[in-house]
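Peer 1: Okay, here's what each chain looks like letter by letter:
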Amino acid sequence: MEESTLMDRARENWIGYLFILPTFLMFTLLFYFPIVRGVYMTFTNARLGGAGTFVGLDNYMWLLTNDLFHFAFGWTLAFVFGTTFLQLFIGLFAALLLSELKSGWREWASAIVMSPYFSAPLAGGVIWLWFLNSDFGMLPRLITDIFGVSTPAFLAEDLWPYVSLIVAQSWHDYGYAGIIYAAAIVGIPREQYEAAALAGAGRLRRFRDVTLPHLVTPTIVILALRTAWNVAEFAQPFELTGGGPGTRTMLMSILTYETAYVNLQFARAYTLGMAMIVISMTAAIFYVTVIQDEEEMYV
Amino acid sequence: MSQSSTGDGESTEPTEAPTSDKPSRRQFVQATAATATVGALGALAGCSGEQGDGTPEPKGDGGGTGSGGDTDSDSGGSESVTIDYLSAQAVENAGMKSHFQDSMKVFEEKNGNVSVSLQTASYGDIRSKLSSTVSSGNPPTFAEAGGGGLQFYLNDKVPDHKPFIESTDFLPNDFTAANKESAQYRGEYWSGGGMRHTNSNLGIRPKSFSEAGVSNPKKELSTWSGFLDAVRRIDKNQDIIAYEETGVPGDLESYWGYARTAYTEGTDPWMRGEGDDKTVVVANENHEDRGKTDGMIKTCVKMANEFSSEEAAQRGDEDIPSLMLTGRVASFNYAVPTASRWTSVKEDVKFGWQGGDGDFMLLPHPKVDSEFGNNFGISDLEGVEGEHGGHMWALEQQQCIFEASDAKQNAAWDLNMFLLSDNEFVLPAWGEYYEALPGLAPKLQEVLDEYDLAQSTEQAYKNADEYGVQYSTTGAAWDVPDVDPIRWTDINETISQAIAGQHSVEETPGLVRERILKRLGQ
Chain A
1 MEESTLMDRA RENWIGYLFI LPTFLMFTLL FYFPIVRGVY MTFTNARLGG
51 AGTFVGLDNY MWLLTNDLFH FAFGWTLAFV FGTTFLQLFI GLFAALLLSE
101 LKSGWREWAS AIVMSPYFSA PLAGGVIWLW FLNSDFGMLP RLITDIFGVS
151 TPAFLAEDLW PYVSLIVAQS WHDYGYAGII YAAAIVGIPR EQYEAAALAG
201 AGRLRRFRDV TLPHLVTPTI VILALRTAWN VAEFAQPFEL TGGGPGTRTM
251 LMSILTYETA YVNLQFARAY TLGMAMIVIS MTAAIFYVTV IQDEEEMYV
Chain B
1 MSQSSTGDGE STEPTEAPTS DKPSRRQFVQ ATAATATVGA LGALAGCSGE
51 QGDGTPEPKG DGGGTGSGGD TDSDSGGSES VTIDYLSAQA VENAGMKSHF
101 QDSMKVFEEK NGNVSVSLQT ASYGDIRSKL SSTVSSGNPP TFAEAGGGGL
151 QFYLNDKVPD HKPFIESTDF LPNDFTAANK ESAQYRGEYW SGGGMRHTNS
201 NLGIRPKSFS EAGVSNPKKE LSTWSGFLDA VRRIDKNQDI IAYEETGVPG
251 DLESYWGYAR TAYTEGTDPW MRGEGDDKTV VVANENHEDR GKTDGMIKTC
301 VKMANEFSSE EAAQRGDEDI PSLMLTGRVA SFNYAVPTAS RWTSVKEDVK
351 FGWQGGDGDF MLLPHPKVDS EFGNNFGISD LEGVEGEHGG HMWALEQQQC
401 IFEASDAKQN AAWDLNMFLL SDNEFVLPAW GEYYEALPGL APKLQEVLDE
451 YDLAQSTEQA YKNADEYGVQ YSTTGAAWDV PDVDPIRWTD INETISQAIA
501 GQHSVEETPG LVRERILKRL GQ
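Taken in order, these protein sequences are the chains called A and B. Going by the UniProt record's numbering, the residue at position 240 of the first sequence is 240; the numbering climbs one at a time, nothing skipped. Going by the UniProt record's numbering, the residue at position 461 of the second sequence is 461; the numbering climbs one at a time, nothing skipped.
There's no promise every hint is true.
Stated by the list, open to error - Cβ pair distances, simulated, as ranges:
#1 A:Leu64 - B:Asp276: 24 to 32 Å
#2 B:Thr279 - A:Thr289: 39 to 47 Å
#3 B:Ser132 - A:Gly16: 47 to 55 Å
#4 B:Glu507 - A:Asp145: 37 to 45 Å
#5 B:Asp357 - A:Glu107: 30 to 38 Å
#6 A:Met61 - B:Lys110: 53 to 61 Å
#7 B:Ser132 - A:Glu107: 35 to 43 Å
#8 A:Ile112 - B:Ser122: 40 to 48 Å
#9 A:Tyr60 - B:Lys105: 47 to 55 Å
Stated by the list, open to error - Where chain A lies over chain B, by a calculated footprint (3+ residues, C-beta under 8 Å):
#10 145–155
#11 193–200
#12 481–493
#13 497–503
In short, the hints are calculated from the structure, not lab data. Because the structure is a prediction, the values reported are computed rather than measured. Ideal Cβ placement from N, Cα and C applies to all residues, glycine included.
Just chain B, same shape as in the assembly (with noise of 0.2 Å):
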């Protein structure tokens, strides 16, 4: 950011000052300060982002028109379009850039008059990429704009999706519930969904469990109780971290996962109520709620700091896979379906129980029972009971159409149909090169049929689908247009800090309350 070539060639006039006349240093000084203050600003005017005068058409304006899903349609009449694609899926591991690229291809023969001009970035990346693109007034078509889509769409950078969405015979219908809650804000359509999710889960390492004494990870790691039990075992006996939290703010999503555990039927751990009339119940002192939640805030610190590294604050899931197959980690809450990550690790990954003799094995979350409470020493949970649950990645993937002629718009839609329902792309991308959920509930049992998934992938499946809403999207709910910074940074920035010391765990549920309260104005 800072080594910029101007600096570089700045740098060869001073090279020469030591051997140039006295009188002339002071100005040739206050030369390069001026320079210096002016490379900082340089630095800023990298970020600032042009907020742009467009003009965008009506909602809904030009929507009607799509293909409602078949990728065969004529986009636009006649008229050859070329659309610009953003998105990361597409870069997130070999096999799913070459599916990528290939598919593109695909759709481009289905669709003769469509060319597909296809732009990636990494997830870090896309909004920086994205926001650029929009600034300068010149977005791309179609893009993979997650929870940074809404506030395009409050801010009219996004048509209303509605009528696209209309245009079809099975959407929303055949959305899976993470995209129905996902794609929507407050009734109304800012996205066309996301073509893939993920969820979380707990994820073990057998050797180290079969070792603690576990025989039956499903029945005696089905609660909390059971799961602290063994953890326990565990870290007293054996020369491994026994649990593991990945605890950097861009992953405590194994927190929003298991602080489901502790609720029934998929009820909101964190906010309750419609439109701007909002109850927080973090910390609320009035709410029912209250401890179940606080609870499960509590016990993701002190989960880490019993049982976790030094680094536990810092840790992200990508770390994981290597820890445990080299044997330093024996369980974590963020494993996922995608089973590539650990054969990217160790080719001959043995996934499963395989009789306590696996090097991976993925579970649901733990459900609170009611002696987890009093067993860890945590009051607000004693008595309570959960079911198993967790969190199902949906706002990331979400995928909007931008301002753009009729034409390209309509064209961009059928890309999003052929993405979630064209089995070509589809079975492949979520069954072979990037194990995920799909984003059309019937595209599950279709993989599940197609390919002979790892015991991880087909659990992962499992648990979304018999847990069913226990399994839902952090935020999507809430229809706030501040969901990203309450998820990222009022929640999971304030749980890190605790597990980095830097506030106790009883003033941690406090803490997060306050930063949300504020961000929503109350």
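So that you can see chain A by itself, here it is in the shape it has in the complex (with noise of 0.2 Å):
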């Protein structure tokens, strides 16, 4: 049989591909292009207004070489699964007691559940700035005017920045977790909580056997794409300490920043960017394999 060329293909669905050409080339104005062209200046020293020069690994070596670096990578791991894991069981909690609402409070309770998530990071920032501030913040004063002790620089004081980056980002987003998840536990057939039950299972036991084994796709969806923002995460962490006090809360994607609009080195940023780039991917086969495990073993 007569193979069909690439060109027998175009001629067959001409009007499909005409249909996608607009979009693929803004695509690749706008994107891919952007992307190749940034992957190209990690090799240059491009600065700020100039296109720079050919040096090979050199700003790869630079970032290997960098104890900020190094500092930034970690303190970036641990943000974004800290986030991403209180996001994911924040957002699996307020699922579950929006599902228990009647229909009608559950529209209203959702919308103020999910409120952060619409809100501006930067806005989130602020709120939280005068949430947790020393001198002024609600937080502070009322630990004092309760309790009577004086509290912690929240955002300041050893672990505590680090905490409450963490929480102040979970705030922030757990609410698309919460689509997600209430999304999902709608779609759950009743009748298999009813079989259940009628096979005598509790509450608990029907959330472990029916519940969750509903949720383990949305899980790794979540897991995903929560993971490739929270690595890029920069609005509110940068309001809230701007990678400070000193350096001690910083973040790759502040450091990025700091690099290209302080430093104005742009090619090295791009570097760490792909920096970057790598946790996200690493990221995301991890969790693909694992659903792959999770597959087979229900085979």
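Can you join these two chains into the complex? Each is in its own frame, and there are hints to help.
Peer 2: Here it is as structure tokens:
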């Protein structure tokens, strides 16, 4: 049988190609081209306003020998996984609570629960800044008034800045996990719960044996997407600590910003961005591997 | 940054997944993983500065017909032009915003064939906005480019400004010393100057200092030893932060200011030498001035450690007015002429000493006296004496003309002259809406004559005038391409790390030196 060539397929589906052409061109112009150009830039010494010259792997050597990068890499991992898993659990909890509400109430409660997710990250940063501020913040004032003890500086002292950043980011984005989990829970056939109840399964058992299996796929979706986005999270942490005190909470996203816009070294900033991609890709591959293992287990 | 609309759109698909068949799940999850990766790439796509293949005109071409400050001039003949002007100063506060908008109309009336499209960005965002527009090949005609303008000049995105400056009768002579220093790079003009400056000074809460026994602050707080004594008394006896260092890296200009007080006659504390032949003074065992520079770095860290709050390494100057006016902070070293920063917190601020009952008073940074090193336990400063002085902000406000047609460049230069020299703009801007020092030296007296200024503004003016070059712009005289990274990162971030306890006081100057040398490629 004669094999259809690329041209044959193009002739056959030319209308389809025509329809996707504008989108493809725009994606190429605004997305793929900057990415390819950016990757090339990591092999140059490009700075603000200049194309730079080819420097081979110098930027990658700089990255690997830079103490602040080492720290930022480790802290970014802790921030991303701390935030992602906290968002996952809070989102699941919120979705379960919402599923217990009657229709009508549920929609209003959903809107309230999800509202942080729809607020601008910078606004979220300002809210938390004023909430945690040692001098005028509500939380230190409440603790001092109620318990009569002074509070640590939540954004500056000991381990508190790390905790504060993770909690604040989890607050902002748990709604994303909540939305997906809520949709998944609504989609679970009621008959399965009824059958489990008739078989004598208690509330916890029904959750484990009926609800949880239906949540595996949404969980992977949430983990993969939130990991990628949390790696690139910038506005709220920047507003809250700006990587400080000193550089004690320097995330890779903030370091990338500083490298580009304070030190004006765009090529190095993009090289940092490549490291962020590595984290996202590694996490995505890990999650896919986990779901494959899980599927094989069920099969 | 990460919550893109794309992400939201993608979220609708996964919600349907649980009801679908199992065999499709793997494909779906794999697609999700790919999407996640692409999402991260997308976040970076925005960071990719397209570095332009523009073919700039030869430097100096088109600049020679500048109007020389005559804002009634005809820009580029009868051709009507619209110029884009990007400014951060235009949105510093509500008063400045409306003054700028009104002033652009005034400028257009005086230059009938020129229209100005005023674009704004905060000082935090202007560099990224400028970078994006230049990278996309669509730079503004005129912009408050700050230190980034030097990079654009070195990369041929900004023309030589010398022809423009030479076309006037009064430049560069009328530039303030800070502007002369900042607008030049190794003898070449990369900018048309900055329209205003502020300077760093000591700020105190008179109520706290009078309670500590100070009766004549100008005299008693004129030296570091006198200031230290008073701060120690406040720290011991009052429930207040006796001295707050504005120690976030972006606001350690406080240190830039008082680093000069160990020196005399405007000597640069950090770097000396011409061209690429630089001698770094910091932690330089072979340099006679090492002790002065290292000593002031240690003073900064020790003052923060002993008297400041736990949040000093994150403290920004904008926090201080509310803290001082509510009795939480007694002193700091980042006081600027801008009284509106204080009146925006409390309308009836009592400026000045006011018999020891004032809310806020501005003084020169204390000068290093021969006893200070011994008094504060910093051996490097033993026997050292310096002068009053401080940091003058000038690099940040430098305004550049970008590559454009001759007519547009000339119109942009006219706008620059208007902003520098037209009293209709200059006097209200720096005397009323955002109290600051004008970019042209003769205008300083005119503002003083026109307005009844708050004590803090008037004293800041006097300090800049009385102590002359001792109030200088940090880094402008270095003439190195990496002036901003050295100032903000190598010096400030390293000191901020020390305040945050990431390394010791003693090792801080050595680390600063190491980072500067690495930056300079030495």
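Peer 1: Just to be sure I understand the hint, the distance between the Cβ atoms of B:Glu507 and A:Asp145 should be within 37 to 45 Å; is that true here?
Peer 2: Given a distance of about 41 Å, which is inside 37 to 45 Å, the answer is holds.
Peer 1: Is it true that B:Ser132 and A:Gly16 lie within 47 to 55 Å of each other by Cβ?
Peer 2: violated, 35 Å
Peer 1: Is the hinted range of 40 to 48 Å satisfied by the C-beta distance from A:Ile112 to B:Ser122?
Peer 2: Since the Cβ atoms of A:Ile112 and B:Ser122 sit about 32 Å apart, the hinted range of 40 to 48 Å is violated.
Peer 1: Establish whether the coverage given for the stretch 193–200 of chain B by chain A is satisfied; the threshold is a Cβ-Cβ distance below 8 Å, and no fewer than three residues must meet it.
Peer 2: violated (count 0)
Peer 1: Quick one: are A:Tyr60 and B:Lys105 within 47 to 55 Å, going by C-beta?
Peer 2: holds, 52 Å
Peer 1: That 35 to 43 Å hint for B:Ser132 and A:Glu107 (C-beta), does it hold up?
Peer 2: Distance hint for B:Ser132, A:Glu107 holds at roughly 40 Å.
Peer 1: Between A:Leu64 and B:Asp276, is the Cβ distance one that fits in 24 to 32 Å?
Peer 2: At 28 Å between Cβs, range holds.
Peer 1: Please count how many residues of the stretch 145–155 of chain B have a CB within 8 Å of a CB from chain A and say whether that reaches 3.
Peer 2: The restraint on the stretch 145–155 of chain B holds, since 5 of its residues have a Cβ under 8 Å from chain A and three suffice.
Peer 1: So is the stretch 481–493 of chain B in contact with chain A by the C-beta rule, three or more residues under 8 Å, or is the coverage claim wrong?
Peer 2: holds (count 6)
Peer 1: Test coverage of the stretch 497–503 of chain B by chain A using CB-CB distances below 8 Å; three residues minimum.
Peer 2: Check passed, 6 qualifying residues.
Peer 1: Please test the hint of 53 to 61 Å on the beta carbon pair from A:Met61 and B:Lys110.
Peer 2: With Cβ atoms ~55 Å apart, the hint holds.
Peer 1: Within 30 to 38 Å: is that where the Cβ-Cβ distance between B:Asp357 and A:Glu107 falls?
Peer 2: violated, 58 Å
In summary, the numbered hints that this structure violates are 2, 3, 5, 8, 11.
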